[in-house]
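Student: I would like the entire structure built from these sequences, with the hints used as guidance.
Residue numbers (numbering that gives the first Met the number 0), protein chains in the order written: chain W, 0 to 99; chain P, 0 to 767.
Derived by calculation from the structure, the hints in this document are not laboratory data.
Heads up, none of these hints are tricks.
Simulated restraints, written as ranges between beta carbons of each label pair:
id, chain 1, residue 1, chain 2, residue 2, range
1, P, Val718, W, Phe79, 53 to 63 angstroms
2, P, Thr741, W, Leu5, 39 to 49 angstroms
3, W, Ala77, P, Asp747, 16 to 26 angstroms
4, W, Glu35, P, Asp720, 49 to 59 angstroms
5, P, Val718, W, Ile28, 55 to 65 angstroms
6, W, Ser90, P, Ala716, 49 to 59 angstroms
7, P, Val718, W, Asp87, 53 to 63 angstroms
8, W, Ser90, P, Thr735, 25 to 35 angstroms
Distance condition first, Cα-Cα at most 25 angstroms in a straight line; then the derived SDA-like pairs of lysine to any residue:
id, chain 1, residue 1, chain 2, residue 2
9, W, Lys25, P, Val754
10, P, Lys724, P, Glu713
11, W, Lys25, P, Met751
12, P, Lys545, P, Leu641
13, W, Lys25, P, Ser739
Computed, partial: chain W to chain P, Cβ under 8 angstroms:
id, residue
14, Leu18
15, Ala21
16, Phe22
17, Leu91
18, Asp92
Quick reminder that beta carbons are idealized off the backbone N, C-alpha and C, glycines included.
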Amino acid sequence: MIDPALVSGLSALMFVIGLGGAFTRKNAIIVLMCIELMLNAANMQFAAAAVHHGDTTGWVYTIFAIAIAASEVAIGLAIFLAMYGQHDTISLDDVDVLRN
Amino acid sequence: MAGSEVSDIAAPHVSELAPLIVLLPMLAFAVILFLGKVFNGNPMWKNSVKEGGIIALGVMSAVLVLSIILIMDFIGGVQAGHDSVFHWFTSGVWDGTTGGVSTDKFGFGIYVDHITVMLLFVAAFLCLLINTFSIGYMNTDPINDNRNHRFYAEFTLFCSGMLGMVLADSFLWLFIFWEIMGLCSYLLIGFYYERPSAAYAAKKAFLTTRIGDVFLMIGLVMLWDLFGSLDYAVVFASGEIEKVAEHSAGTLQWALGLMFIGAVGKSAQFPLHVWLPDAMEGPTPVSALIHAATMVNAGLYLVARMFPFFGADALHGDLADLAFIIALVGGITAVMAAAIAFVQMDLKKVLAYSTMSQLAYIFTGLGCAMYLANTLYWHEYLPDGVKNPDYYDNHYIVIVAFGAALFHLFNHAMAKGMLFMASGSVIHEVHHAHHHLHHHDDHDDHGEDHHDDHHDDHFDAQSMENMGGLASKMPITATAMLVGSASIMGLPLIGGFWSKEGIIANAWRVAQDDPRFLLPAMCVLIGAGMTGFYMSRMWLKTFAGKPNNEVAAHVGPTNTWIKTPLFILTFVSLSSILFAGMGFTHWAPDEGYAFMSEKSLVDGIIYELGHAFANEVPYFFIITYIAIALGAVAGPGLALALYGGQLEEGESAKPWMMPVIRLNAWVKARFNFDNSAFANSTLAVALQNRLYIDHYYDMAMLKIVAGFSTKAAETDADVIDGTIKTIESGSQSLSTVVRSLTTGSARDYILMVSVGMLAIFMLVWGVA
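Tutor: Set out below in C-alpha cells:
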C-alpha cells in the first residue's frame, strides 16, 4: 500500500501547479482546468487523510466534492460560452468591464 | 389640579354671550380676509362694503353692546368671577416631590373683575370709534385702494386680541392674546411695507417688544412653578399667596419683576421705548388704536393684574423694591419722553412721545399704589386676626392710589385716541389740500401712476411746518384737539386732571414714607409742566397763528366718518368730572368694597371738587397747586409766548376757541421771547436725536450682535463645515487608493484571494 504521506505530498504539488496555472494563464478554460486541479488536490488530501486515520468520512467527502466539481464545471463552461457570445473571446485579460 | 377645581370656584355666572366678544372679531378677521381676496376691485365691495370696513363696523358694534351687557351684569351684582368656557387640552405633569403624575387642564375662561370691566369698556368703545374713523380715513385715500381689506382684517384680529387679553382668566391666555396683538401691531405698522422705513419700523417694534416678552415668559414659567397654575382663580385663591410667601417670597419678586419687563416692552417705557415713535409709520388709525389707546395699555393691565400679590399681607414689605422700580421706570420715562416731545416737528411723533410720557405716569401711579398696598396694613383684619384699627384710612389710601392710576389709563386712552384721530384728520386734509393744489390739472390722466405719486414728492403732510392757522378751517378737529390736549395736560376739571392730580399726590404721599420715591415724585411733578408745554406747542403750531404755507391755507373741513368719533370723544373727555363723581378714582381692587361710590352723583362731584381744590391736609393742598401752576399755567404760558399767534385777517374760529387764540396773540406780543438760543443748544440737538438712545442701541447691535453673528458665521464655515469637508476629502483620496486595487483582471483577484487565504492560515496557525 502506498504511504499516505506520499499521496499527501503529491496533492500539495498538484495544488501548487494548479495555483500557478491559475495565476499565469489567460485562457479561461485552462484557468478552469487549473482550478479543477486544485480541487482534485484537495480530494487526494481527503483520501490520504482517510487512509491515514482509517476513517471513511474522508472518502464520503471526496465523493461529494467530485459531484460538486462536476456541476461547477458545467456552470463554468456555460459562463465561458456566454462570455464568448458577448466578447468574442475567452481571454481573461480582455474581459475587464468591471474596471472600465 | 387647576381646571377641574376652578369651575367649582366660579362665582355667579357671567353672560353666556361673553365669549362672543372675542370670537366675533376673530371670525370677522377670517371673513374679511376671504371676501377681500374674492371681491377685490369689485365696485360694490369697494363703495358699499368699504372693502370690509362695514363688516368690521357691524362686528365692533355688536362687541360694544355685548361688552356693555357684561359690564352692566357686573355692576348689577355678578361678583368678580371666572367662568370656564371651553376645555382646550389636558396635560400630564410630573410631580418632582411625589414622583407621581398629576393632570392639568387647560381651558379658556372669562374672568371679570373691576380692572377687566374698565379695560373692556375702553377697548370695545375705542375699537368701534376708531373703526368708524378708519372708514373715513383709509377708504378716501387712493393709496389704500384694493388693500383696505387687509387693514380691516388685521384691525379686527387686533381687537380680538385686545378683548381676549382683557377677558382671559389666566396669565397663559393673557400671554397668548398679548402675542396676537404684537403680531397685529407688526403687520399694521408695516401696512405700507413697500416703504423701507415702514418695514424697518415694523421689524423694530416686533423685535423690541419681543425682548420684553422673553422676560415675561420666563416670569410666567417661574410663577407657574410657584403656584402650579397660571389661572387667576387658582393663583389669587385665598391662602395660595400665603403658602408661597412662606418659603419663596424672593422668587416671587423675581417672577413679578421679569413679568414687569414684559410690560415695559409692551407699554414702550424706558429702556425699551425705542419702537413706539417709529411705529407711527403705520396708518393713523393704527397709531390711534394700537399705539396710543389700547395695546400699549396691555403692559399696564398686566401690572395692575399683579396687584393682589402686592396687596397680600403675607408679603408685607417684601415687594416694596419692585414697586419702587415700577415707579422709577415710570418717572424716568415721563420726563425723558416729555423732553423729546419738545422738539418734534412731526405731529404724530409729538403724540407718540406724549403717549410714552402719559403711560409712564400710569406706571408711576401703579408703582406708588403697589408700594402703599405692600407696606400698609389695609385689610379689615391684621395677619394675626385682630381687627385693624387703621382699616378705614389705609384701605381708602390704597384704593384711591390704585384708582387714580387706572382712571388715568381711562382718561389717557380716550383723550389720546381722540388726539390721534384729530391729528389723522389734519394730516388727511393737509394731504388732500396739497394734492389738490399741486396735482389738480393732471389728476385725470394719472390713473395707475397715482399711487406712486405719493412717494415721489417730498411734501410731508405730518410736519407742523406745513400747518398753522387751521382752527378756522377745521372747527371740529380743532375743538377735539383742544379738549384732548387739555385732558392730557390736566387743565383743571377736564379729563386727565382728576387722575393726574391723584397720581402726583400719591407719589408725594409715598415719598413721605420712603425717600427713594422723591425721584419719581419729582419727575411726575416736573413732567406735568413739560406736558403743558409740549401739548400747547402742538396745538398752537397746528391751529393758531397764520398758515405756514399755501397748502395750509387751502385745507378744508373733514368728512362725517372722521367727525363723528371726534365729536363723541370730545364729550367723553369733557364729562370726566362725572366719572370722577361716580367714584372712578376709588377703584376697588378687592371684593369687600363697592364698585361704584356709594355717594350720589352730585355728592360725589362735590366731594371730588373739595378733595382736589381744598384739601384739608396742607401738604397735599400745596402739591395740588404746584402741579396746577406748572401744568396749567407755566407750561402752556411758555408755549403761548413762543408759538402760534393771531389768525389770518378775516378768519375766525369757533367762539370757544377764540379766547385761547386771543390770549395767545396777547401773550406772544407781550413777551416776545427769542428761543433760538435754546433751539441751537446741544440739549435741543440731543433731544432731536432722541437723546441718542436709538443711536447707541444701533451701535450696540452693530458691535455685539453683528460681531457675534460674524463669529458664528466663521465658526459655522470653519469648524462645522470644516469637519465635514475634511471627512469628505479624506474619504475621497482614500477611495482613489483603494480603487487602484480593482484592476478588473480575474487573475489579480485570484492572486488576492490566495494571498488572503494564506494570510488567514498563517494567522490561525500563529494563534494556535
